[in-house]
Amino acid sequence: MQTIISPLLVSHRLSLAPPVPRLLNNYHHRAPTSIRLSSHRSTNSLRLFSSTVVAAAAAAAAASRDSEMATEDVQDPRIAKIASSIRVIPDFPKPGIMFQDITTLLLDTEAFKDTIALFVERYKDKDISVVAGVEARGFIFGPPIALAIGAKFVPMRKPKKLPGKVISEEYSLEYGTDKIEMHVGAVEPGERAIIIDDLIATGGTLAAAIRLLERVGVKIVECACVIELPELKGKDKLGETPLFVLVSSA
Amino acid sequence: MSGNKEEEDPRINGIKTKIRVVPDFPKKGIMFQDITTVLLDPKAFKDTIDLFVERYRDKNISVVAGIEARGFIFGPPIALAIGAKFVPLRKPKKLPGETIFEEYELEYGNDRLEMHIGAVEAGDRALVVDDLIATGGTLCAAINLLERVGAEVVECACVIELPDLKGRQRLKGKPLCMLVEYR
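So the protein sequences, as listed, match chains E and X.
Throughout the first sequence, residue numbering follows this note's numbering, covering 50 to 299 in sequence.
Throughout the second sequence, residue numbering follows this note's numbering, covering 8 to 190 in sequence.
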């Protein structure tokens with residue numbers, strides 16, 4: 050089994066995934082003034098809109114990346130319930146951080162089912178053969194999606210967890226670096242993948258996951274997260290890879 | 008049902024052949040049971056989940072508790088299919104809210120398993136899911152956490168059992184369902 054370094058990284062600047070039907074996933078919604086999130090109230094309003102980006106021309110993509118989809122359609126009614134099931138925990142893991150806790154979403158059987166359904170509806174006809182999930186919360190959302198669309202599930206893990214031969218990619222933390230690993234041979238050149246995590250913050254981990262898959266010749270159709278923290282501009286780290294999220298938390 | 012291997016089902020062999028054994032991981036002498044290769048085969052992965060779902064769907068299970076991290080791979084699909092909550096049981100300091108913990112022994116020293124307060128309620132009927140049972144220490148800690156909040160642990164469900172390590176005996180009398188044995 051060998052690691053295949055793609056000589057064609059530049060080709061990823063060209064057109065990637067076909068345009069996504071807007072009806073399903075683009076919506077624009079004014080933030081409610083208060084959200085019921087069990088006993089923990091976020092002091093920030095939870096804005097609900099899709100960050101779907103269609104990567105057409107590179108320049109247009111860059112300009113449109115940060116804009117909400119203005120026209121829109123009624124928001125999918127499942128989104129509000131999903132958003133309200135997420136609990137915000139202040140000052141975790143350290144003061145000043147409002148942690149987006151999806152474990153409460155997992156306790157709401159309808160919300161969890163709807164979360165998976167929204168992703169499955171989006172990806173099931175896109176010839177995705179690989180769902181890559183980032184440890185550990187990506188392991189919760191990735192497998193149900195993979196099973197429903199008939200794709201492999203590939204765990205992307207912290208160092209030394211995977212038992213077989215691995216390839217690694219380093220990424221920056223606030224202080225220092227970390228690594229993400231994948232088994233050699235898990236994926237093959239030419240496969241079409243989505244990468245799943247519960248949340249995108251700075252985008253460092255997802256960017257590393259993209260690089261890891263690209264090194265072995267996989268095409269990343271999209272990154273998909275339940276939650277985005279748009280102020281951290283994680284989208285900008287993803288290069289040409291589009292990002293799809295259900296809930297945006299400003 | 009007794010918590011035994013589903014011996015008759017033809018899907019079992021398909022799953023078993025997909026498990027990759029990695030010698031000397033994490034250290035010499037250990038034959039590591041790698042389930043990532045099962046996950047690369049959509050049919051084998053689906054069959055694994057289906058076998059558990061078929062067993063539990065009519066048992067009024069309200070909670071599937073999955074042990075970090077490979078229990079997070081098998082637990083949620085089962086939970087979704089049977090309409091149960093999924094509750095992650097995690098290593099220390101990962102869960103952001105208020106937690107309770109249970110200590111368990113490692114070969115050298117101890118570790119802890121944590122669960123969010125309020126995730127599980129008294130009277131919940133629970134399954135505990137992990138990819139594999141070895142000594143049973145982690146599963147025992149999981150059972151303790153669930154029982155402390157008044158849940159009833161109906162069964163433990165693992166893809167693989169290492170029967171020589173006798174983990175089955177450490178489950179406080181709870182039954183174990185596994186699909187594949189490795190001796």
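Hints are supplied without guarantee of correctness; some may be wrong.
[As the list claims (entries may be wrong)] Rough simulated footprint, nothing fancy, chain E against chain X, three-plus residues with beta-carbon under 8 Å: (1) 27-37; (2) 41-51; (3) 91-104.
[To be verified] Here chain X is said to cover these stretches of chain E; the calculated rule only asks that three of the stretch's residues, wherever they fall, bring their Cβ under 8 Å from a Cβ of chain X: (4) 166-177; (5) 216-222; (6) 273-279; (7) 283-295.
Source of the hints: derived by calculation from the structure; they are not laboratory data.
Beta carbons are placed, not taken as given, at the ideal position from N, Cα and C, and that holds for glycine.
Here's how the hints hold up against the structure:
Counting residues of the region 27-37 of chain X whose C-beta sits closer than 8 Å to any C-beta of chain E gives 4, which meets the bar of three, so the coverage hint holds. Counting residues of the region 41-51 of chain X whose beta-carbon sits less than 8 Å from any beta-carbon of chain E gives 6, enough to reach three: the coverage restraint holds. A count of 11 residues in the region 91-104 of chain X with a Cβ less than 8 Å from any Cβ of chain E is obtained; the coverage claim is therefore met, three being the minimum. Coverage of the region 166-177 of chain E by chain X is violated in this model, with 0 residues showing a Cβ closer than 8 Å to a Cβ of that chain against a need of three.
Only when three residues or more bring their CB closer than 8 Å to a CB of chain X does the claim for the region 216-222 of chain E stand; here the count is 0, and the claim is violated. Coverage of the region 273-279 of chain E by chain X is violated in this model, with 0 residues showing a Cβ closer than 8 Å to a Cβ of that chain against a need of three. Closer than 8 Å: that is the beta-carbon criterion, and the region 283-295 of chain E has 0 residues meeting it against chain X, so the requirement of 3 is violated.
In summary, the numbered hints that this structure violates are 4, 5, 6 and 7.
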